[in-house]
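Peer 1: Each chain is listed here by its residues.
Number of protein chains: 2
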Amino acid sequence: MKRLKRIHELLVDIYGCKSNLDDAEFLVAVLEEAAQKMGSTVVKTICHKFSPTGSTVILILAETHMSIHTWPEYKYAALDIFVCSEEIDPEVGWRIVRVALKPTSFKTSKLVRKIE
Amino acid sequence: MKRLKRIHELLVDIYGCKSNLDDAEFLVAVLEEAAQKMGSTVVKTICHKFSPTGSTVILILAETHMSIHTWPEYKYAALDIFVCSEEIDPEVGWRIVRVALKPTSFKTSKLVRKIE
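Going down the list, the protein sequences come from chains L and D. Just so we're aligned: 38 in the numbering used here is position 38 of the first sequence, and the numbers increase by one with no gaps anywhere. Just so we're aligned: 51 in the numbering used here is position 51 of the second sequence, and the numbers increase by one with no gaps anywhere.
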């Protein structure tokens, strides 16, 4: 894992999504594009589709992880972008997700975690 | 995914760990025990060992996810427990992790995210 003494975590509640939140392949493509545009390295992609509805996609990154959980019946998605590199801006990834999911509103929270 | 209109997220910075944070199999066992004791359902377990050091373990739960990232050279681990069920208390999982990792100190943050 890349080394840095701080971890930046961006958590976004995404409301009123007009895109199909039940399409797990679409969500994988969106997160992989977000990771690429941030300049991060995807180590593993994990996807799980729940029954009857809802998906979870998690990317393990060389710089920690990104995850999205969706509740299509509420048009809601919970996004976390968790990076331990000063060169990577989680906002860049979030912009890609925002364009793809077409929400009516959202709420972001930021946390900085100190490794030492 | 189980349905609830709130998500509870517990984030813990864990310092001065006396256990071996480079032992990915140990970390998987700790997180799986924590999930079980919380009463959550593990859907998938994902583990990645970084070179030369550091591990990431993520459990996809029926109630969202748990993740741990470790930096053994700093004796530091970042734990997230993210649950969307009123019956599951993330503190129960954190207690299992705390006993296993033997930290000298820690810092917890809690977030509640509204689905609607």
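Be aware that a few hints might be false.
Since copy identity is lost for identical chains, a pair holds within one copy or between any two.
[What the hints assert, rightly or not] Taking lysine-lysine pairs in the BS3-like style, the calculated list, with each CA pair at most 30 Å apart, reads:
| # | residue 1 | residue 2 |
| --- | --- | --- |
| 1 | 44 | 18 |
| 2 | 18 | 49 |
| 3 | 75 | 107 |
| 4 | 102 | 114 |
| 5 | 102 | 49 |
It should be emphasised that the hints constitute simulated quantities derived from the structure, not laboratory data. Just so you know, these numbers come straight off a predicted model, no measurement behind them.
Peer 1: Hint by hint, note whether the structure agrees.
Peer 2: Okay, the hints, checked on the actual structure:
1. Taking the shortest Cα distances, residue 44 and residue 18 sit within 30 Å of each other both inside one copy (28 Å) and across copies (28 Å).
2. For the homomeric pair residue 18 and residue 49, the shortest alpha-carbon distance inside one copy (19 Å) is at most 30 Å, but the shortest distance between copies (37 Å) is not.
3. With identical chains, the CA atoms of residue 75 and residue 107 are at most 30 Å apart within one copy only, with a shortest distance of 14 Å there and 33 Å across copies.
4. Taking the closest pair of Cα atoms, residue 102 and residue 114 come within 30 Å of each other only across two copies (18 Å); inside a single copy the shortest separation is 33 Å, beyond that limit.
5. Proximity of residue 102 and residue 49 under a CA criterion of 30 Å is satisfied intra-copy only: 21 Å inside one chain copy versus 35 Å between copies.
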